[in-house]
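Trainee: Heads up: the protein sequence lines correspond to chains G and L, in order.
Under this note's numbering, the first sequence has 540 at position 540, and the numbering climbs by one with no breaks.
Under this note's numbering, the second sequence has 1250 at position 250, and the numbering climbs by one with no breaks.
Hints are computed from structural coordinates only; laboratory data are not their basis.
Please note that the accuracy of each hint is not assured.
To be verified - Here are the computed distance ranges between Cβ atoms for each label pair:
1) L/1123 - G/81: 55 to 65 Å
2) G/404 - L/1241: 43 to 53 Å
3) L/1130 - G/444: 32 to 42 Å
4) G/370 - L/1132: 30 to 40 Å
C-beta atoms are modelled at their ideal positions from N, C-alpha and C, and glycine is treated no differently.
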Amino acid sequence: MSEPVTESVLAVKDLSVFLSREGRPSRVLDDISFDMFPGEIVALVGESGSGKTSIGLTLQGLLPREYLPQVAGSIRLAGIELVGAGRRTWQSARRQLVRAISQDPMGALNPTMTIRRQMRETSGGAGGSIEDWLSRTGLPDPDRIADALPHRLSGGQRQRVLIAMAMMARPKLLIADEPTTALDVTMQAQILDLLRDLAREQQTAILFVTHDLGVAASLADRVLVLYAGRIVEMGRTRDVARNAAHPYSAGLLAARFDLDTDRRRPLPTLPPERTPSINVENACAYATRCPIAQPDCTAIRPPLEPASVHDGAVACLHHDQTSFLLAQRAGTKPWPAQAIQETAALRLSNVGKTYRTGPRSFWGRRQPQPVLRSVSLSIKLGECVALVGESGAGKSTLLRIAAGLVVPESGTVTRFDKLPPQVVFQDPVAALTPWLTIGEQIGERLRAVSLDSGYGRRLVGEAIKLVGLDPVLMDALPAEMSVGQCQRAVLARAVIVPPRLLLCDEPISAMDVSLAATTLNLLSDLRRRLDMAMLFVTHDLAAARIIADRVAVLKDGELVEVADPDAIIAAPQSAYTRSLIAAMPSLQAGGGR
Amino acid sequence: MLAYLIKSFVGAVVVLLVMSFIVFCLQSIIPADPARAIAGPSAPPEKVEAMREQLGLDDPAVVQYGRFLLRLAHADLGTSVRTRRPVADDIQQYLPATLELGLASIALGVALAGVMAALQFLIPGLGGIRLAMVGVGSTPIFLSALLLTYFFWFRLDWLPGAGRLAYRDFAGPTGFNVVDGILVGRPEVSVDALLHMILPALALALPIGIAVGRSLNGALHDVMSQAYVRTARGKGLSETKVLLSHGLRNAATAPLSMLGLQVRLLFGNLLVVERVFGWPGLGLYTVQAFASADLPAVLGVAIVFGILYILVNTLIEIGQSMADPRINL
């Protein structure tokens, strides 16, 4: 790395953080060191649970107090040491030096305060009115927005407001914690552009927290890859994206799918996470998942050293082997051909639905607003159709109508058999009853069949094995399991009595890259093995292309096109589909500028 | 807002109509003969008959109900069997004492709730307070009222334990003694009235304070872990400012609902507490009316409490919409 000319704005050295949960301190950040320079964008990449959000909170001094955080090491922000600093120092640092925008623009604004009052609390540095700042983030009609309450604004507008609010204080450092995950793809691209422009204009350093190396590549100058609270690789974005040195980074990259990914074979995934039975004080935390792990990996803690393949650094004893790993990944067996029959598993004809969401009348009744206007769609037995559209397009309503949970006002719904279709919802944790064991919840679907309990339990065990879940977890409660395990349990419940039709409502949108790839593989496998038809609702065109035989694009309650995925991507018929494709972040785009 | 006020007024009229109908039905179901009650137990039958005619008790029910409504509209609630005075006059006489005590208890209850929530919020893991709250909260009001009189009046003699005022002949313009003392320039009257009010108001305020305090505490706990509170902290605001301008307002809706519920319970508790402390208000008047089967008096008080309840509900809803501007009245 060339010697920087400017002085670093943030210097983190040997930062370790312990949080106490139920009296036991656990290490969430382990010996983190990095610098950031004015105007630089650094991406912090890792799976959920890697500690990437904790870094952001530590830099703001906002780790939850109930976990009794213990912070060791050094954080120098604009020359001020913050580790061990008093309340006042932290407050003034938050006021002037460091700001954050978060993952959830819906929850990050006070619902009972107008935007203007919330922005006024940001004691603005040098000049610029609230309206100026709102219009600088590309918000039309800043006067109206300033006087509005947050619930009147869309997700994208709220994120812009939060950016304006943060940038107005002219901070030296902006922490952006997954600021685009809750947004549509088109909105995501605009927000990323905005952040890039602001960083350059105001010389603000941005720490961009994300689970997606693709998003990181399209924005950041440098990347830090975080695993189990440690930095395992750091380097220039282009280097890491093309030539990952750590097997974990390589795995993250391989699990990433976009519009060019091979859809005929299973997606490459990271090996599933296992609770480390090894002492990470003198071992590599990734060793239990690592495909190239050697005996010494569980005996020596790998130091962060200069990498041989790029200018950055990597913490892996055998990182010279990683390139072989990258070369290997094309070798998986393709999916077997799926027989699609002519009979329809589900047929929706001219289905229409309105919700009362319009303005209120005098007596408080709301005016009806159409969500679906005369939608006709059929799914053949064994076929998978993906339904793509932005939030508010009516995707979920259509799925609920297909499931029989919502009754359409017009049109007809015909299903192949009397068995109700099974539904997989977006949040697998919320879809499980917290006080019933996984086995009980999966077995509930057998009640209608009335079997003796021994045989029932065997069927539950088989279903659990079918989705790749450890049979030990049969007696576990949902709270004891990871999100990925909960997702598998939800699927086991859906397929223990295999339905003719499986309905999936955004099952991967809240997941990090490798879990999303694992889930897509599992769904593809299950539908082929159990011969299920599937309706897969998503706002992610890349996921739709990978899993589906046909893609249907929904816009404002109307189907704008239905076709083969590759045909749609090669020649999109509607402007909306074109904008979806243009907004997809890609490893090839951006990056080194 | 105007539409809301009109709606709640219309609602109040409907509620009052329903209530008046129930009251009217009760009057005709209960096996007490108003004519005989008014004429007196020893009156000759022809006198009772004449009274019956005078009261219109032989008319069809609909006519009687119409007449009843007409009288209600003129604030005529009938004549009390016990005091032999118009019920409306009695209520006018006793209402200020009850309103004064009731308002004082609500204010004290809200203050208690605030202090308790603040303590629990500022000192996390304060188990003792929770235990004490459960203890006090589960004590029935007649018991806590008696305990308060026993300790602070009988044993310690710190505070007066009965009555409303030591100055027997004092009568002010509003009937609110604390206010009247200041109005007529006799501050010693106000002080004495306040001292008399402490124990009964405390007995009434304890359940309000505990219920509202727990609800406020729970709501604050939820709100202070919300993302927008983190945003506020991230702006470098002080913790007090975060609590006051972002926490409290967002946490207000649930405790306000709880306050509304508690005020309704307060009407019942007033009967007990006024009886224990010999407080000359509507509660005591109602207890005495019960004892002498004074139906017109009981029903009159019921209608007054009904109106008060509707008023409280409306105020609570307005308060909630002020705290949360998303609630459109």
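Trainee: If a hint holds in the structure, say so; if it does not, say that too.
Mentor: Outcome of the hint check:
With their beta carbons about 30 Å apart, residue 1123 of chain L and residue 81 of chain G fall outside the hinted range of 55 to 65 Å. Between residue 404 of chain G and residue 1241 of chain L the CB atoms are about 51 Å apart, so this pair conforms to the stated range of 43 to 53 Å. For residue 1130 of chain L and residue 444 of chain G, the Cβ-Cβ distance of about 37 Å falls inside the hinted range of 32 to 42 Å, so the restraint holds. Separation of residue 370 of chain G from residue 1132 of chain L is about 57 Å and departs from the stated range, judged on CB atoms against 30 to 40 Å.
Hint compliance for this structure: hints 1, 4 are broken, all remaining hints hold.
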